[in-house]
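Trainee: Spelled out, the chains give:
Protein chains: 2
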Amino acid sequence: MVRPSKKTQIPNLQEAIKETAWRQIAETGAATLSLRAIARELNITAPAIYNYFPDRDALVTALIIDAYTSFGDYQIASRDAKAEDDLVGQLQAIGFAYRQWALDFPQRYELIFGTPIPGYQAPMMEVLPSAARSLSALVSVVEGLRVVNRLNSRGFPSVQPGYEEQFETWKTYAGDYDILSLAVSMLIWSRVHGLVSLEISGNMPPFGVDGAALYQYEIRSNIDQFVKGI
Amino acid sequence: MVRPSKKTQIPNLQEAIKETAWRQIAETGAATLSLRAIARELNITAPAIYNYFPDRDALVTALIIDAYTSFGDYQIASRDAKAEDDLVGQLQAIGFAYRQWALDFPQRYELIFGTPIPGYQAPMMEVLPSAARSLSALVSVVEGLRVVNRLNSRGFPSVQPGYEEQFETWKTYAGDYDILSLAVSMLIWSRVHGLVSLEISGNMPPFGVDGAALYQYEIRSNIDQFVKGI
DNA sequence: CACTGTAAATATACAGTGTTTATTTACAGT
DNA sequence: ACTGTAAATAAACACTGTATATTTACAGTG
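Protein sequence lines, in the order shown, are assigned to chains U and Z.
Counting in our numbering, the first sequence runs from 1 upward without gaps.
Counting in our numbering, the second sequence runs from 1 upward without gaps.
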C-alpha cells in the first residue's frame, strides 16, 4: 500500500502533528522532539510531515507561535480580571500569571525563551506578532501608568533613535504605546524572566529559598521602583 | 594500521579533545557539538574519545566546569581590582564583569546557563564546586555589606529551614557566608542574568534600547535597593 | 632479552536522526 | 471516463552517539 484510502487517513493532519509534538514535548521535553517519533505515533511516515511543514524548524516555529499565543491569552486574561483603573493590581496580576504559566507549562516556556532545539533560531519576522502581543499586556499597564503620570522613570536610560521603523512594526501587533513604556516593560520582563528561568531550569539551588516568596518580593520591588504614589 | 605509533599520537589527548570542542563551540555554537566532528579534526576515530570521557555528557560536564572556573576567575579578579573597603565599587565591578564575560564568550555563557545540548542535564554534584565558587565573588561582597550593617534586606523573604546540609556543602566551596547574603545574591544574580541572557540570545528586540545603558541602570537599581547609606 | 598484561586505539556495527528523491495512487475537476 | 495534482510511501543519504570485538604499542617482570 503506497497511499492509504481517505477513510483511514487522519483528518487535519497539520493540527494532529502539532498536537503530537506538544504531547511528546510535555512528556520528554523539547530537546527530544523528533519528526520520526511523531510520524511513528501517527502511523505515517516521516517524509509525510514535509507536506505540512517544510522542515523541522518550521514545525518548531509553529509550535512557538502557538505557545506565545496561549501565553499572551493568559497574560491578557489576568490583566482584564482586575478593574480597569486598578493599574497596580493589574501589574501584580500579570506578574503572578507570568510565573504561573511558566510553572504550568515549563516545556513551553523553555521552548519560547530558551534554546532547547539544537541549531534552531526563531525567525523574528514570523514570531513577532504573537510575541509582541504576549508582551502587550505588561506594556499596556506600564503605558497606563505613564499616561496618568504615575510611571517613575527617573534615571531610566533614554531610548536611542534610528529604530522607528521596527518599533512601528511592533506597535502594529502590540498596540500604540510610547517607547518608554516598552523599554521599562522590557526591564521588568527581564527581571521576572530571570527568576522564572532560574527556577524552571533548576538552576536555583534549593537552599531553603522559597521561589514563590522571592518572586513576590521581586514583583513588589518592581512596583516600588516604577510606580509613583502607591 | 590499527594503532598509530606513539610518535604520531597526540600528547595529552584529553586536553586536546576539550580544546577542539571549545573551538567548535566558538565557531558554530554548542548545539552542533559532535564527538565525531571532534574526532575528525583530531584525526582519530570517534570511539577513541570514550577512553577519556565515558560519554558525550561527561565531556559537556567537563567543559561546563572549565567554563565556570574561567568565569569565576574573572569575577574574583574584577572584585579584587577594587579596594578592599570599597564594597559598592566591588559590587559594580562584579556586575560589569558579569556582562563583559558573557559578551566575550556568549557560547560559554549559554553552555552554563542555557540548555543548548539536547537532553543534557548538568549533574549538580560535579558542577557545584566551580559553580559555587563563581558566585562567591558576589556573595562575598553582599556578606561584607551585611557585616558592616550596610545590607538593606528589609522585606526580604526569610529563608526556610531544612536545607542546612546542602548549604554547608555549598559553603565548602564558596566560603562561610550567611544564608541571607546568599539569598540576596541570588536575586541580584537573577536580575543580571535576566538582562544578559536576553541580550545574548537576541531576544531583546533592537528598538533603540541600549543594552549597556540598560544594564548600567539595573546595576544602579541593585545598589539603590540593597545598599544602605550610599 | 623474551614474555605477558594492560591500555589505547581501530574497525565494525547498530539504532537513531533530518532530509531528498523518485514513485505510486487516491481523489477532484473537466 | 480521463487527467492533473497533491499527498502519501519507499528507499536512500549523510549524519549522530554508542557498544562490541579486535588489534597492537608499550610497560613491567622473569
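In short, the hints are calculated from the structure, not lab data.
Since the structure is predicted, the reported quantities are computational estimates derived from the model, not experimental observations.
Beta carbons: idealized from backbone N, C-alpha and C, even for Gly.
Honestly, I wouldn't trust all of these hints.
If you only want the chain U side, here are some residues facing chain Z, beta carbon under 8 Å, derived [as the list claims (entries may be wrong)]: (1) Phe105; (2) Pro106; (3) Pro123; (4) Gly155; (5) Tyr177; (6) Leu182; (7) Ser221; (8) Asn222.
Stretch by stretch, here's where chain Z covers chain U in the computed footprint (C-beta under 8 Å, at least three residues) [said to hold, decoys possible]: (9) 42-55; (10) 71-78; (11) 87-100; (12) 112-118; (13) 136-150.
Trainee: State for each hint whether it applies.
Mentor: Comparing the hints with the structure gives:
Checking U/Phe105 against chain Z: minimum C-beta separation of about 16 Å lies over 8 Å; hint violated. At its closest, the beta carbon of U/Pro106 sits 11 Å from a beta carbon of chain Z; the interface hint therefore is violated under the 8 Å criterion. Hint status for U/Pro123 relative to chain Z: violated, with the closest Cβ pair at about 11 Å, above 8 Å. With a least beta-carbon distance of about 6 Å to chain Z, the hint placing U/Gly155 at the interface is held under the 8 Å criterion.
Violation of the interface hint for U/Tyr177 is found here, the shortest Cβ-Cβ separation to chain Z being roughly 11 Å, above the 8 Å cut-off. The interface hint given for U/Leu182 holds, since its Cβ lies 6 Å from the closest Cβ of chain Z, which is under the 8 Å cut-off. The interface hint given for U/Ser221 is met, as the beta carbon of that residue sits about 6 Å from the closest beta carbon of chain Z, less than 8 Å. Taken as an interface hint, U/Asn222 does not check out: its beta carbon lies about 10 Å from the nearest beta carbon of chain Z, beyond 8 Å.
A count of 0 residues in the region 42-55 of chain U with a Cβ less than 8 Å from any Cβ of chain Z is obtained; the coverage claim is therefore unmet, three being the minimum. With a cut-off of 8 Å between beta carbons, the region 71-78 of chain U has 0 residues touching chain Z; three or more are needed, and the interface restraint is violated. Under the rule that three or more residues need a Cβ within less than 8 Å of chain Z, the assignment of the region 87-100 of chain U is violated, with 0 such residues. Counting residues of the region 112-118 of chain U whose beta carbon lies closer than 8 Å to any beta carbon of chain Z gives 6, which meets the minimum of three for the stated coverage.
Coverage of the region 136-150 of chain U by chain Z is violated. Counting CB-CB distances below 8 Å, 0 residues qualify, and the rule asks for three or more.
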